[in-house]
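Read off the chains here:
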Amino acid sequence: MKTSALFACLALFIPLEMLIAGTTKEYENQYLQAELALAKKNALYTVFDLAGGKILIKAAGMTLREIPVQDIGIWGNGLKPGAYLVIEKSAFKEPERFQIDPTRIDEESPPSTDIDALERDDMPTRYTLIFEDGVFVSVTGSPASMDERMISMSLDALEYLSRPLVILWKKINGENYTVIDLEVDSVDSQSLYWTITEKSAGLFLLPED
Amino acid sequence: MVSRRPIFWILSASAALLIILEGLGIYYGKFARTQRPEPSTTTQSRNIDEKTNQALRQKLNNFAPTGLHIVIDTAQNRLYLKKGATLIREAVISSGSGSKLEDPEQNREWVFDTPRGVFSVKSKQKNPLWVKPDWAYIEEGKRPPKNKQDRFESGVLGDYALGFGDGYFIHGTLYSRLLGRNVSHGCVRVGDKDLQAVYAAAAIGTKIYIF
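Those sequence lines, one after another, are chains A and B.
Going by our numbering, the first sequence opens with residue 1, and the numbers climb by one from there.
Going by our numbering, the second sequence opens with residue 1, and the numbers climb by one from there.
Some clues are possibly wrong.
Think about it this way: if two alpha-carbon atoms lie no more than 25 Å apart in a straight line, the pair counts; the simulated DMTMM-like pairs of lysine to aspartate or glutamate are [unchecked claim]:
#  : chain 1 : residue 1 : chain 2 : residue 2
1  : B       : K59       : A       : D49
2  : B       : K124      : B       : E90
3  : A       : K199      : B       : E90
4  : B       : K126      : B       : E102
5  : A       : K54       : B       : D166
6  : B       : K100      : A       : E96
7  : B       : K146      : A       : D101
8  : B       : K82       : B       : D194
9  : B       : K142      : A       : E66
10 : B       : K83       : A       : E175
11 : B       : K100      : A       : D71
12 : A       : K41       : B       : D159
13 : B       : K207      : A       : E198
14 : A       : K89       : A       : D71
15 : A       : K54       : A       : E183
16 : B       : K100      : A       : D49
17 : B       : K100      : A       : E119
18 : B       : K51       : A       : D147
19 : A       : K199      : B       : D194
20 : A       : K89       : A       : E183
21 : B       : K100      : A       : E66
22 : B       : K100      : A       : D101
Keep in mind the hints are simulated off the structure, nothing from the lab.
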């Protein structure tokens, strides 16, 4: 009984898997082939260049926007070099589209600057991009005020305490689970939420060992 | 009962230590950009791999346009007229409002987003006439006319319009004070002078990248 309990304890400390599936030229090769396939399509895709510390919004191989990453954290059991599709964008308060009410339209007067529209500033600064195959990208905008900093630190602490248990639970159930924490500028964080759409593809370029 | 106590303590301590270690980001890794070593390319096999990768990178770079093209950032409401990597002109625009409109009579719905992806200029028009689509009437609480001739409206789209497919245009606006805001029905509204420059520079087939 005691022996089995000891083994169970030790098992907790055995690295579940190397956190990164591969950081070699081979990984890069597969990554480049995956990007080449995406570049042939006329759709936007996102490259999370964790090696270079930046997020690239790309189309047809061309970088349209580069977002610098201030801090990177990687948790979980590895990533493949291929493309992952965004399944969902999850935020505490998700932006909602306005429903146009035709009875409120006044043809005679031009529209005021107080407009009912979804704009970048309406986007959240803290959210999770849920990709297929158990890949989660948690994006946090740098907190501006002390209040925001306190809330951010509390949420970070909660995540840091709960995540190991989730990793363990997923491992026991044989599910993939990788979380990438990214801290970016607040406005960049909103721009990223705006730009990345569901079903769009993401690629991950990992840091070297 | 007494014999179970050490097991309980070992398990608790192990779990606590695991949480602390992982909580600190040590266990699964936390990367600081400054701590990453430079990639090694010393061995022969790595050189071969590097050559292959370089060829792939070159293929990827070949996709990027070297000629004139238009890049539209809908988050920042900016249009960039570029030649290769050189910026020729930057313009403030208005892109889609993201609002929704329903037609309860015919059970239709429109979402006024500017489409994203890679497009090309398909048509160029001077003094364009706007053929008002159904949604424009429904938005005003009116019934769409059956006769197409009744849908023409002049002056709304400005002096020029560049069509990029599915009824979307880069065109002018009567509400230039709203440039920089997301107020359009999906088209890209541009100020008069910038529109003139874009119209003069872009030819049919010029690529448009919208994100």
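Hint by hint, here is what the structure shows:
1. Annotation: proposed proximity of B/K59 to A/D49 holds, straight-line Cα distance about 19 Å (limit 25 Å).
2. Restraint check for B/K124 and B/E90: the C-alpha separation of about 20 Å stays at or below 25 Å, so the hint holds.
3. For the suggested pair A/K199 and B/E90, the alpha carbons sit about 30 Å apart, so the restraint of at most 25 Å is broken.
4. The hinted pair formed by B/K126 and B/E102 fails the criterion: a straight-line CA distance of about 32 Å is larger than 25 Å.
5. A hinted pair counts as satisfied when its Cα atoms are at most 25 Å apart, and A/K54 with B/D166 does not qualify at roughly 34 Å.
6. Distance check on the hinted pair: B/K100 and A/E96 sit about 10 Å apart at the alpha-carbon level, within 25 Å; holds.
7. With a C-alpha separation of about 23 Å, the suggested pair B/K146 and A/D101 falls inside the 25 Å cut-off, and the hint holds.
8. Proximity of B/K82 to B/D194 is assessed by CA-CA distance (about 13 Å); at most 25 Å being required, the pair is judged to hold.
9. The suggested pairing of B/K142 with A/E66 is violated, with an alpha-carbon distance near 44 Å, which exceeds 25 Å.
10. For the hint linking B/K83 to A/E175, the alpha-carbon distance of about 47 Å lies beyond 25 Å, and the restraint is violated.
11. A threshold of 25 Å between alpha carbons decides the hint, and for B/K100 with A/D71 the separation of about 37 Å lies outside it, so the pair is violated.
12. Proposed proximity of A/K41 and B/D159 is contradicted: the alpha carbons are some 33 Å apart, above 25 Å.
13. For the hint linking B/K207 to A/E198, the alpha-carbon distance of about 24 Å falls within 25 Å, and the restraint holds.
14. Straight-line distance between C-alpha atoms of A/K89 and A/D71 comes to about 21 Å, which keeps the hinted pair within the 25 Å bound.
15. A hinted pair counts as satisfied when its Cα atoms are at most 25 Å apart, and A/K54 with A/E183 qualifies at roughly 10 Å.
16. For the proposed pair B/K100 and A/D49, the alpha carbon gap of about 35 Å is over 25 Å, so the pair is violated.
17. Annotation: proposed proximity of B/K100 to A/E119 holds, straight-line Cα distance about 14 Å (limit 25 Å).
18. Taking the CA atoms of B/K51 and A/D147, the gap is about 51 Å. The hint is violated against a cut of 25 Å.
19. Restraint check for A/K199 and B/D194: the C-alpha separation of about 34 Å exceeds 25 Å, so the hint is violated.
20. Annotation: proposed proximity of A/K89 to A/E183 holds, straight-line Cα distance about 17 Å (limit 25 Å).
21. Our distance criterion of 25 Å between C-alpha atoms is broken by B/K100 and A/E66, whose separation comes to about 30 Å.
22. Distance restraint check for B/K100 and A/D101: the Cα-Cα separation of roughly 9 Å lies within the 25 Å cut-off, and the hinted pair is therefore satisfied.
In summary, the structure is inconsistent with hints 3, 4, 5, 9, 10, 11, 12, 16, 18, 19 and 21 from the numbered list given earlier, while agreeing with the others.
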